[in-house]
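> These are the residues of each chain, in order.
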Amino acid sequence: MNNDKSNSVVLITGASRGIGLYLTQYYLGRGYCVVGCSRSESTVSHANYLHHCLDVSDEKAVKTLFSTIRKAHKRLDILINNAGIASMNHALLTPLTTVEKVFSTNVFASFLFCREAVKLMRKNGYGRIVNFSTVAVPFALEGEAIYAASKSAVESLTKILAKEFAEFGVTVNALGPTPILTDLIKNIPKDKLDKLLEKQSIKRFGKMADVSNAIDFYILPESEFITGQVLYLGGA
Amino acid sequence: MIAYQKILELIYSAIDELNAGNGDISVNKEESTPLFGAASVLDSVDLVNLLLSVEELLEDELDIEFVIANEKALSQKNSPFKTVATLAQYLTEEINSL
Chain A
1 MNNDKSNSVV LITGASRGIG LYLTQYYLGR GYCVVGCSRS ESTVSHANYL HHCLDVSDEK
61 AVKTLFSTIR KAHKRLDILI NNAGIASMNH ALLTPLTTVE KVFSTNVFAS FLFCREAVKL
121 MRKNGYGRIV NFSTVAVPFA LEGEAIYAAS KSAVESLTKI LAKEFAEFGV TVNALGPTPI
181 LTDLIKNIPK DKLDKLLEKQ SIKRFGKMAD VSNAIDFYIL PESEFITGQV LYLGGA
Chain B
1 MIAYQKILEL IYSAIDELNA GNGDISVNKE ESTPLFGAAS VLDSVDLVNL LLSVEELLED
61 ELDIEFVIAN EKALSQKNSP FKTVATLAQY LTEEINSL
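Quick mapping for you: the protein sequence lines, in order, are chains A and B.
First residue of the first sequence: 1, per the numbering used here; consecutive thereafter.
First residue of the second sequence: 1, per the numbering used here; consecutive thereafter.
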């Protein structure tokens, strides 16, 4: 790992809005070379930014994305597996197609990106992967059965991939944010959100900076002994 | 049409890469070289690295994107990863049928 961040390549999924957009701008601001992807176009215009429009669960498109990164940069240092969709509804009102969509984006795509990322990272014997869970897992929130189940799967992936990727010098960790005022939770009634905040040790909405602070810790070269961990914000 | 011999050359290049990056082992560039099992000098990580290097060479030299460890390969009764020759034969057939 070199300390010149302009040579360090970060891949961020779901980069066009919400936390992903914030992280894209944040890491560009810190001098990283950032590759982002999402279904929609990005509004970010920066000399060190390249955006790819794709469906994160489309294996062929994802493979092509990694091929492009390999040919352009010959390396990948950090993967931030941020892309995710939520489903917040009573189980009796949840169609199977919703379950399939949530698992496809949150679990299958996270796996796909982890698998392809480590293929590139192994070349340098170095890599940092950060997956996204949620406080809905430890809180076992009603109305979030499918979302929480998909993120539980992400946590299991994180812990097991941490073991499988350790010999390649790649750490795999996860972050469980509290609600942050983004598009993902825009349709949740205020009383539900207030009840959720009551469960946290620190009873406030999360901030984008809380997320980047935790990710900064995971991706430090000095964090080489930190892997297979899930860090919940707000004291879940 | 990609020839068996061309695929074999790519596998040998991947073996060169593996041998150069791993001082502990020396994999022979022969068709009969076992890639896994008791007779092989490769451990599971070496095999993974070898297959990934072959995938990269397929992309770089032949412009072919192909996931070697796919469902078909992993479900075959006789594993295509048994020897260099079985791997070359499997890849030749699969790539030419794309």
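If you're looking for bench data, these hints aren't it; they were derived computationally from the structure.
Among the hints, erroneous ones may be present.
To be verified - Some chain B residues well away from chain A (every beta-carbon gap over 12 Å; in silico):
| # | residue |
| --- | --- |
| 1 | N28 |
| 2 | S44 |
| 3 | N49 |
| 4 | K77 |
Claimed, not checked - Computed, partial: chain A to chain B, Cβ under 8 Å:
| # | residue |
| --- | --- |
| 5 | K63 |
| 6 | K74 |
| 7 | R75 |
To be verified - With a Cα cut of at most 20 Å, we get these calculated EDC-like pairs of lysine to aspartate or glutamate:
| # | chain 1 | residue 1 | chain 2 | residue 2 |
| --- | --- | --- | --- | --- |
| 8 | A | K163 | B | D46 |
| 9 | A | K163 | B | D60 |
| 10 | A | K123 | B | E56 |
| 11 | A | K71 | B | E31 |
| 12 | A | K63 | B | E9 |
| 13 | A | K74 | B | E59 |
| 14 | A | K74 | B | D43 |
| 15 | A | K63 | B | D43 |
| 16 | A | K123 | B | E31 |
| 17 | A | K71 | B | D43 |
| 18 | A | K123 | B | E71 |
| 19 | A | K60 | B | D60 |
| 20 | A | K71 | B | D46 |
| 21 | A | K60 | B | D24 |
| 22 | A | K74 | B | E65 |
| 23 | A | K60 | B | E56 |
| 24 | A | K71 | B | E59 |
| 25 | B | K6 | B | E61 |
| 26 | A | K71 | B | D24 |
| 27 | A | K159 | B | E61 |
| 28 | A | K63 | B | D63 |
| 29 | B | K77 | B | E65 |
| 30 | A | K123 | B | E93 |
| 31 | A | K123 | B | D46 |
| 32 | A | K195 | A | E142 |
| 33 | B | K72 | A | E142 |
| 34 | A | K63 | B | E65 |
| 35 | A | K63 | B | E59 |
Ideal Cβ placement from N, Cα and C applies to all residues, glycine included.
> Hint check: B/K77 vs B/E65, CA-CA at most 20 Å. Holds or violated?
25 Å, violated
> Does B/E56 sit within 20 Å of A/K60, going by the straight-line distance between their CA atoms?
15 Å, holds
> Is it true that the CA of A/K63 sits at most 20 Å from the CA of B/E59?
Status holds; Cα separation ~11 Å.
> Could you grab the alpha-carbon distance between A/K71 and B/E59 and see if it respects the 20 Å cut-off?
10 Å, holds
> Is A/K74 close enough to B/E65, meaning Cα to Cα at most 20 Å?
16 Å, holds
> With a cut-off of 20 Å on the C-alpha distance, tell me whether A/K163 and B/D46 pass.
At roughly 16 Å apart (the allowed maximum being 20 Å), B/D46 and A/K163 satisfy the hint.
> Given the hint that A/K63 pairs with B/D63, test it: the Cα-Cα distance must not exceed 20 Å.
The hint holds at about 13 Å.
> Is the Cα-Cα distance between A/K123 and B/E71 20 Å or less?
Since the Cα atoms of A/K123 and B/E71 sit roughly 25 Å apart, the hinted pair is violated (cutoff 20 Å).
> Assess, step by step, whether the Cα of A/K159 is no farther than 20 Å from the Cα of B/E61, and give holds or violated.
36 Å, violated
> Is A/K60 within 20 Å of B/D60, Cα to Cα?
17 Å, holds
> Between A/K71 and B/D24, is the straight-line Cα distance small enough, at 20 Å or below?
29 Å, violated
> Does B/E93 lie within 20 Å of A/K123 when you go C-alpha to C-alpha?
Violated, at roughly 28 Å.
Hint compliance for this structure: hints 2, 3, 6, 7, 9, 11, 12, 14, 15, 16, 17, 18, 20, 21, 26, 27, 29, 30, 33 are not met, and every other hint is.
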